[in-house]
Amino acid sequence: MTAVLFDFSGTLFRVESTDSWLRGALAGADVRLTEPELTAAVSALEAVGALPGGGDPARVPEELADAWLIRDRSAALHRAAYTGLARQVPLPDPALHDALYDRHMTPAAWAPYPDAAEVLRALRERGVPVGVVSNIGWDLRPVFRAHGLDPYVDTYVLSFEHGIQKPDPRLFGIACEALGADPRTTLMVGDDRRADGGAAALGCGVHFVDHLPAADRPDGLRPVLDLVS
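Numbering (our numbering), first residue to last: 935 to 1163.
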């Protein structure tokens, strides 16, 4: 393999916990909850799958079903889908549902996996071009810049910027073209077997990692270095 594409959430970065997410939004809005109220709200938000990057909901409300399926094709759909899930949970200020969505787009809400910088740096030193291909509804480039990983990424291909979402092979094709890479010698690294596995239709190799908390996956990306030239 002579080029590597990476997914974002669950692959290179992990989103904060629902507890941290809610506390951050509450602090930004200067709203306070008692600990029992906060614990209950966290459990409810987790149950409905309201945290983007935190796992899919067990059930999507009927009124959100259509938007949910194509949520990564535009910023408006992404926000509508996730704030719609969050609004199933009553909060003391209705504006908090949008504040929660805004919070998840901040660099503070994300942490790179422990070996992400090491692996990306090693690929750069070997002259292997790197792209990030993500199903997402917002610009994640500031997250990479804030955590010092942007210098190792040659191109970002974000679903909402192209109106295409994985597993559509066209999204991976855009990334390969931007890198000047042959898909047949390009490796896609991701945590979602359906979405990221779509790269195989283009001829790419595919390598999967587990979507775990960062502390529980200290070296899941290192095998990538054994798969590239």
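Simulated from the structure, these hints should not be mistaken for laboratory data.
One or more of the hints may lead you astray.
Each pair of labels, with its calculated beta carbon distance range [unchecked claim]: (1) 981 - 1111: 20 to 26 Å; (2) 1079 - 990: 50 to 56 Å; (3) 1159 - 1024: 46 to 52 Å; (4) 1135 - 1032: 32 to 38 Å; (5) 1119 - 992: 37 to 43 Å; (6) 993 - 1142: 23 to 29 Å; (7) 989 - 1131: 14 to 20 Å; (8) 1149 - 973: 31 to 37 Å; (9) 981 - 1029: 19 to 25 Å; (10) 965 - 1146: 40 to 46 Å; (11) 1149 - 1026: 49 to 55 Å; (12) 972 - 1104: 38 to 44 Å.
Being a predicted model, the structure only gives us computed values, none of them experimental.
Don't be surprised by glycine CBs; every beta carbon is placed ideally from N, CA and C.
Quiz item: Within 38 to 44 Å or not, the Cβ separation of residue 972 and residue 1104?
Solution: holds (43 Å)
Quiz item: Taking the CB of residue 1149 and the CB of residue 973, does the distance hold inside 31 to 37 Å?
Solution: With Cβ atoms ~21 Å apart, the hint is violated.
Quiz item: Taking the beta carbons of residue 993 and residue 1142, is their distance inside 23 to 29 Å?
Solution: holds (26 Å)
Quiz item: Does the Cβ pair residue 1135, residue 1032 satisfy 32 to 38 Å?
Solution: holds (37 Å)
Self-check item: Status of the given 20 to 26 Å range, CB of residue 1111 versus CB of residue 981
Solution: Given a distance of about 41 Å, which is not inside 20 to 26 Å, the answer is violated.
Quiz item: Given a hinted range of 37 to 43 Å, is it respected by the beta-carbon distance of residue 1119 and residue 992?
Solution: For residue 1119 and residue 992 the Cβ distance comes to about 39 Å; the hint holds.
Quiz item: Is the gap between the beta carbons of residue 1079 and residue 990 within 50 to 56 Å?
Solution: violated (28 Å)
Quiz item: Is it true that the C-beta distance of residue 1159 to residue 1024 lies inside 46 to 52 Å, as the hint says?
Solution: For residue 1024 against residue 1159, whose Cβ atoms are near 48 Å apart, the range 46 to 52 Å holds.
Exercise. For the range 40 to 46 Å, tell me whether the beta carbons of residue 965 and residue 1146 fit it or not.
Key: violated (31 Å)
Quiz item: Per the hint of 14 to 20 Å, is the separation of the Cβ atoms of residue 989 and residue 1131 within bounds?
Solution: Holds: the Cβ-Cβ distance is about 18 Å, inside 14 to 20 Å.
Self-check item: Hint check for residue 1026 and residue 1149 - Cβ pair distance inside 49 to 55 Å
Solution: Given range 49 to 55 Å: violated, Cβ gap about 31 Å.
Exercise. Look at the Cβ atoms of residue 981 and residue 1029 and judge whether their distance stays inside 19 to 25 Å.
Key: With a Cβ separation near 22 Å, residue 981 and residue 1029 satisfy 19 to 25 Å, so the hint holds.
The structure fails hints 1, 2, 8, 10 and 11 (numbered hints given earlier, in ascending order).
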